[in-house]
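Undergrad: As a plain string of letters, each chain reads:
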Amino acid sequence: MEVLKVNNIKKTYGEKENQVHALKGISFSVEQGEFIAIVGTSGSGKSTLLNLIGGLDTPEKGEIIIRKHNIACLNRKELTVFRRRNIGFVFQNYSLMPVLNIYDNVALPVTFDRGKHVDHKYIKDLLCELGLWEKRKCFPRELSGGQQQRTALARALANKPAIILADEPTGNLDSRTAVEVMGLLKASSEKYNQTILMVTHNEALAQACDRIIRIEDGKLYGKEETGIGKGGDAV
Amino acid sequence: MKKILKLAFSYIRYYKKQTLALFFGMILSAAILTGIGSLFYSGRQAALENARQEYGDWHYALWCSEPWFEDFQKNPEGKGFQIETYGIKTIKKTAEEPFEMEFVSADSSYLKMMGRKLLEGKMPEVSSEIAMDRHALRNLDLPEELGCTIELDGQTFTLCGILTEMPEKLQEDRLEIFVSSTLDYGTEGDFLYLKFREKGEVYKQAAAFADTFGVKEDTIARNNGIAVYVGGEAPVKILEVLKAGIFEKGTGLPYIWGQLNSSGFLTENTILAVLGLFGGFILYSLFQVSVIKRISQYSIMQTLGITEGKVFQMLWAEQLFIFAAGYPLGSVLGNSVAALIYQKIGRVFIVQDQVLHTGVNIQEQALEYAASNLPDAGKFRTDFSVLAAGAVFFFLLLTLISLRLVRKMRRLTVRQMITGETERIPRHRKIYSLSMENLTGILTKKFMFSRKGAFAGILFSLSVGSVIFLGAFFVMENTKINNELTFKADDGLGSDIQVYEASDQLKDIIPREKAAALEKVNGIGEIHPVRYLLGEIPLTEGKLKWTSFFEEVAEDEANPPDPELMEKYNGRILQTGEKDYLLKVNIYGYDDKMLKELQNYLIEGDIDPDQMREENSVIFKTISDGQGNTDGIDLHQGDSIFLKTPKDTGNSGEILKFLSDESLYNTGEFQIAAVTNRPLAKVETYIGDSGSMEVDIIMTNEQMEENFGVTGYQTISISLKEEADAETAAKEIRDVVSDVPKCMVKDYTEQINSQNLYLAQKMIFFYGIALVLFLVSLLHIMNSMQYLVAARKHEFGILRAMGITDTGFMKMLAKEGLRYGIYSSLAMMIMYFFVQKMLYYFMLHVYFYLHPQGMISPAPYAAMVILNLVICVSAVLVSGRSILKQQIIEEIRE
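Chains A and B are the protein sequences, given in the same order.
Here the numbering used here is used: the first residue of the first sequence is 1198, the next is one more, and so on.
Here the numbering used here is used: the first residue of the second sequence is 18, the next is one more, and so on.
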């Protein structure tokens, strides 16, 4: 089942001589449960692509259709609610709430939906699965980078979104922890049939994904590849 | 150093918003401090100029018919003193009849010091000539014509000159009559009047003068009228005052405050110190916010090798740049506004006669003085000493702020500074989502308490303005009540006009029919006649607990009894046994309305005029001390008193000593229905009635007639209808009582109006201060809120990315604002509770306010709480809107 369809999107930053064409008409689609790596050099437009898919930014042209909703047609409030219910984010710098403990950080996005009750059993499962249950009462600053990123992943999964967008999730981690987090992302994708789009410039990690989309200079580069992760193991 | 300055200047330019906040903070702090300082200074100068006119423009006077005087005349200079001018008055002789008179010759300096100008003619040149002022001529019943012949003390003179009168406050002493310097009665003596250069405290110069010429200091008389403004008196020894205030019975805080604040300077300096500290706190808070924002940059500089000392210099230089621009501008602004204020309501800043703990009557005098006799405010003067002191204060303060911030940075590791992790890990580890469905409330609460310093700063600055407003409101409300009650106690029921017998003869009364006639005068609203009689009660078996309260029996050489009271009444009290006394009392007859009004001063019992008439019971007005205590006499409700009164109520003289034959007196037993601490309308022409020092027995007018046969009145208090013309009414009243001997009519309307206007002006001033502090607080709150919100930009970006709607986000912030408002209001209440307690204590024990209310009505509290809530919510929402305007992705990257 197609979860995401990106159709000829373009994005330009700046004006006149400072104009930068970040994306120059990119199209692709993603199936439910796919774990996709978006790779490219710095400034290639991969993060811009992720932000547009996440509704954090708006494209100049083109369509982004998630679960049959063209997010470019949604107004500000609709987009916010859509994002809340359909997209989970994992950022490079973890972006946890420093004043909330781990459990509450994970439960937080669920509480934004009025009338929606927090599924504590699911959150417990998530925390156990990600090895954080013992740390549930700790605050982010008391955890290691890997543990914080696992918390961010749990938070992204808490709302059972259509897609998880992970922007360089291992960028701040050492290689051992990066592999560990990568394994968890992959395991989550498989266990919860979760669609994940991950931006990375680490070729080895990308290879662990189901599919690799390469972007260079705002365009898709070469043919899409199937990562060794499809049925294989992470590096 | 040049590089440091350059860097500091770059920061100023880069962080424009913070710089502007700090700049305005400096301007407002400087403006309020120097502006109010100048207002106080102008008031003091006006009071000094006024005192010069009232008391003469001299500092000290001394007998100078001594050997040292020759040396002085040869060289009137010496080490440690500078004489600006001196005058010599030679007393040729004095005479007692028909008035106390001094025949004097004086030099021009003396005349100038005393403001004595020749209005007509010339000063006496030959022994047959004489000059004096119109006051003296009128008192001596002499014609005001030059050349007329005058006979004084057995000698004939020709009036050669008429002068202006003596300074007002010196007039009571004696008549000063100028004769030729050549006239010699063989009894003459010289007085030297000195005026030192008014630079610093002149008492030190006087001491140096005495030392130089070998004059005994205790022979030098001080001009008390102006001494207080020029440092004419050696300051009190603070430690000794504190010691006496703490350890000596009957002193306490009122004594300490009275001693240290004898010139009112302590109050003014306290206000200025509080304003300075408040300004300092705001500047610290504003600058701290600015520094925390860029703390990571300083840490990077430190990793690059810059020393802490250089960081200090940078912070210091940055603040000094702002200080250099803001302080002069603030001073100009503050003084300009102050000049405008002074033009309008300058007289509220003029130092008044201080109300000390020594007696309630002083307060009444001060009130009267304040209401009707305040001098012109004069011109506004900038207080350059406050300007300089303020500059030094802020300079030191900014240095301390820089030092403190560097010390604060030292406590953090460089990594903490770079990452901005300056907050502590919360202690409570509760999982809130288990019990709550919405975590945004928890999030805001946690964010709020995560920066405790900023949180406390906001609460404090917001509370201070509110507390000042509430405090001003509390004092003003009580001042109004006090004024009203004091006027009542002075002239009866806050009346506009008082008719009274200016006599100490019981036969002089206002007849009953005159009171009836007064009721028919146009414009009369209420009329309250008061009957009076002097009596005596025994206080036996230790009923008088304060045995040294009355000078007559205190045996204190320093405070001898009043000779007039001793002569006319054998004193107010007579000791008859070890613990037995006979006490003279004022007996008043009031009407029912007055008796009900007396409830305001009730200590115990109940006032019911019908019951008093039925049971022939009375009200006992007891004595009270300097601190408002009223347990000096052990008589209470239900006790009996034996009241001795003259049988013939028209008889005065010896009989009022209560020493005549017993057959001339009646003695009756009366039960005490109630005890009060104040009378209403008072009669002061017999044993006096200061309101606190004498005992009064109060009953109904009917009882006065039945018990003693008193039918006429001593005073009648009259209130006019609102639309009535006071002047016309007063004239008509005068016509009605014109044939009553020694009956006076006093019109208080102008004085009451003047008093109310004065109070209104004071209120405007205090509310003005509260408003300015409120503006300063607002600036601080807006800046702090903006910082608090901006500091969480990253977290807010995440929340927005996770799907919090704009409305949800604003609701979350509004909740935070509400929380700030609620906590500020709580802080305000707690601070105000103590402030109110302190003010109440001062009003009751230091300033002797009558029946001050312990609390204010809920309306001002509610208004302040609502204002706090509105400010906090608005400040957070304004800051929150700027967050929503930014791209989520930009915020996440912060």
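It should be emphasised that the hints constitute simulated quantities derived from the structure, not laboratory data.
Mixed in with the good hints, there may be bad ones.
Partner residues are not named here, just some residues of chain A that face chain B (Cβ under 8 angstroms, in silico) [what the hints assert, rightly or not]:
| id | residue |
| --- | --- |
| 1 | ASN1205 |
| 2 | THR1209 |
| 3 | ASP1254 |
| 4 | VAL1278 |
| 5 | PHE1288 |
| 6 | LEU1297 |
| 7 | VAL1315 |
Note that the structure is predicted; figures quoted are calculated from it, not measured.
A virtual CB, placed ideally from N, CA and C, is assigned to each residue, including glycine.
Undergrad: Can you verify the interface hint for VAL1315(A): is its Cβ closer than 8 angstroms to any Cβ in chain B?
TA: Interface hint status for VAL1315(A): holds (5 angstroms vs cutoff 8 angstroms).
Undergrad: Should the hint that ASP1254(A) touches chain B count as held when the rule is a Cβ pair under 8 angstroms?
TA: With a minimum Cβ separation of about 6 angstroms from chain B (threshold 8 angstroms), the hint on ASP1254(A) holds.
Undergrad: Closer than 8 angstroms between Cβ atoms is the bar; does THR1209(A) clear it against chain B? Give me holds or violated.
TA: Nearest chain B Cβ about 15 angstroms off; hint violated.
Undergrad: Does ASN1205(A) meet its interface restraint, that is, does its C-beta lie within less than 8 angstroms of any C-beta in chain B?
TA: 22 angstroms, violated
Undergrad: Minimum Cβ distance from VAL1278(A) to chain B below 8 angstroms?
TA: 7 angstroms, holds
Undergrad: Report holds or violated for the interface hint on PHE1288(A), using the least CB-CB distance to chain B and a cut-off of 8 angstroms.
TA: It holds, given that the least Cβ distance between PHE1288(A) and chain B is near 6 angstroms, below 8 angstroms.
Undergrad: Return the status of the interface hint for LEU1297(A): holds when the least beta-carbon distance to chain B is below 8 angstroms, violated otherwise.
TA: 7 angstroms, holds
Of the numbered hints given earlier, the model fails hints 1 and 2; all others are met.
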